[in-house]
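So the chains spell out like this:
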Amino acid sequence: MTEQQDPTRWADDPSAPDSLRSALRAARRASPTPEAVDSMLANVERAAGQPAGQAARGAPSTPPPTQGTWHLGAKFWLGVLIPVCALALLLGRTTPPRASDNAPRAIARDPAPAAPDCAVSAPRVAAVTAPAALSAPIHEAVDGGARIVLPACDAEAHQRRVSSAQSKLREGDFAAVLSLARADRSRCPNASMAEDRERVAIEALVRSGRDAEAMARWRAFRRTFSRSLYTRALEVIIERRSLR
Amino acid sequence: MGESLVAMSPSPQLSFEALYRAHISDVWRMLFTLGVRESDLADACQEVFVIVLRRLPEFDGRAKVTTWLYAIALRVAAGFRRKAHVRREQLVEESPEQSSDSRLDEGLDERRALARVRDALEALDDDRRAVFVLFELQELTLKEIAETVGCPLQTAYSRLLSARKFLAQRAQPSATQGGAR
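Just so you know, the protein sequences line up as chains A and B, in that order. The numbers in the first sequence follow this note's numbering, run straight up by one, and end at 1232. The numbers in the second sequence follow this note's numbering, run straight up by one, and end at 187.
Excised from the complex, chain A in its bound form:
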């Protein structure tokens, strides 16, 4: 089949559904903002320009567990942790149970050091996955290293809580929003919808007149989600509030 035999694209085809035809036409012109383009380029160069062990930290937010990082993580797991565990067993010591449970995930975020060093690597993994991180504010968890999805976080419950908080916000029940956000933040500080949760919490704080708390949380949000698509909307909400 040649290129000429390709069907007419829907954006140019009057027989295509109207709603999709017009959406496709406009969507072809959609693009990220110039600031976002520059910011992403800087992050890409920073991440790729650093040694593999630092690449994930070079980018300000979550690198995904794609083949590259996973590959490094797997190498680290096989090359460092297994010998560490074996050594610990030989010495009659046990490795921290939480650390071993979560090792692969932590490693994917924090790939192998150039020269594996048992004395350094074992505690480092334990520190990354330590339960103490559960209570850490979200920005501290991110600034302190890679973002961590903690084992105590039930993803479905997390999504339900955030969705409920969004519903409560629409209903104007700000106390419920904040209660849900607080509960979720303590269990899933950096899970997939953390950004959404923080956004509704800030809006709830603003709309319930808790300005100081709103501003503190807003500052943390900007540090943590520096390229968030919510930023603009939150700025507008906060500006409006300050004009009153």
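These are calculated hints, taken from the structure and not from any lab test. Among the hints, a few may not be true.
[Unchecked claim] Computed Cβ-Cβ distance ranges for the label pairs, DEER-style:
1. Met1203/A - Pro158/B: 55 to 61 Å
2. Arg81/B - Asp1142/A: 25 to 31 Å
3. Asp1006/A - Glu145/B: 19 to 25 Å
4. Ala1030/A - Glu128/B: 29 to 35 Å
5. Leu167/B - Arg1198/A: 51 to 57 Å
6. Glu145/B - Arg1158/A: 33 to 39 Å
7. Ala1164/A - Pro158/B: 50 to 56 Å
8. Arg1148/A - Ala84/B: 22 to 28 Å
9. Gly67/B - Ala1164/A: 39 to 45 Å
Predicted model only: the values in this text are computed from it and were never measured. All residues carry an ideal CB built from backbone N, CA and C; glycine is no exception.
With the hints as your guide, set chain B onto chain A.
Okay, now just chain B, sitting in the frame of chain A:
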């Protein structure tokens, strides 16, 4: 465009930035319509181009740059979708936009259109969705799409037709809004 930039430039660094600037919007749109969450979009774009930057020296020019680039983007999108667990995101959520001024952003209409496209594609399976996005939005030929997704040309063609049929059927009831099914 991007093809010649890579081929002509002796410096991987220079060619990378040109490649990035030529294709970032395409990759961004593609990742979004393939279901990467908005909050992950910048990370996903970065991930694509980190891979591109690292593999650029291995690129032999036998395939088109777009084919190569979009194949990477497809894999990254799949990884992010798995990670997010949420296949059906509430499209942003509209709440920030609804609850704020209409002067929000240049390009907002286009982004909303993009969100409508993505919304329409949510019910499609990954294979048909990828072919539809690459053909209708990225404007690749079916031959290029077959190379990108790694399937026979005829399969790409039938996936496109099947996706169109599915979307057309879904678009009909909503066009008449509440009409009989």
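Hint check results:
The given range of 55 to 61 Å is respected by methionine 1203/A and proline 158/B, whose C-beta atoms sit roughly 58 Å from each other. Between arginine 81/B and aspartate 1142/A the C-beta distance comes to about 28 Å, which sits within the given range of 25 to 31 Å. Range check, aspartate 1006/A to glutamate 145/B: Cβ separation about 20 Å, and the 19 to 25 Å hint holds. Between alanine 1030/A and glutamate 128/B the beta carbons are some 32 Å apart, a value that agrees with the proposed interval 29 to 35 Å.
Our hint of 51 to 57 Å for leucine 167/B and arginine 1198/A holds, since their Cβ atoms are close to 55 Å apart. Range check, glutamate 145/B to arginine 1158/A: Cβ separation about 38 Å, and the 33 to 39 Å hint holds. Under the hint 50 to 56 Å, the C-beta atoms of alanine 1164/A and proline 158/B, about 53 Å apart, fit the expected range. The hinted window of 22 to 28 Å between arginine 1148/A and alanine 84/B holds, with their beta carbons roughly 25 Å apart.
In this structure the hint that glycine 67/B and alanine 1164/A lie 39 to 45 Å apart at CB is violated, the actual value being about 58 Å.
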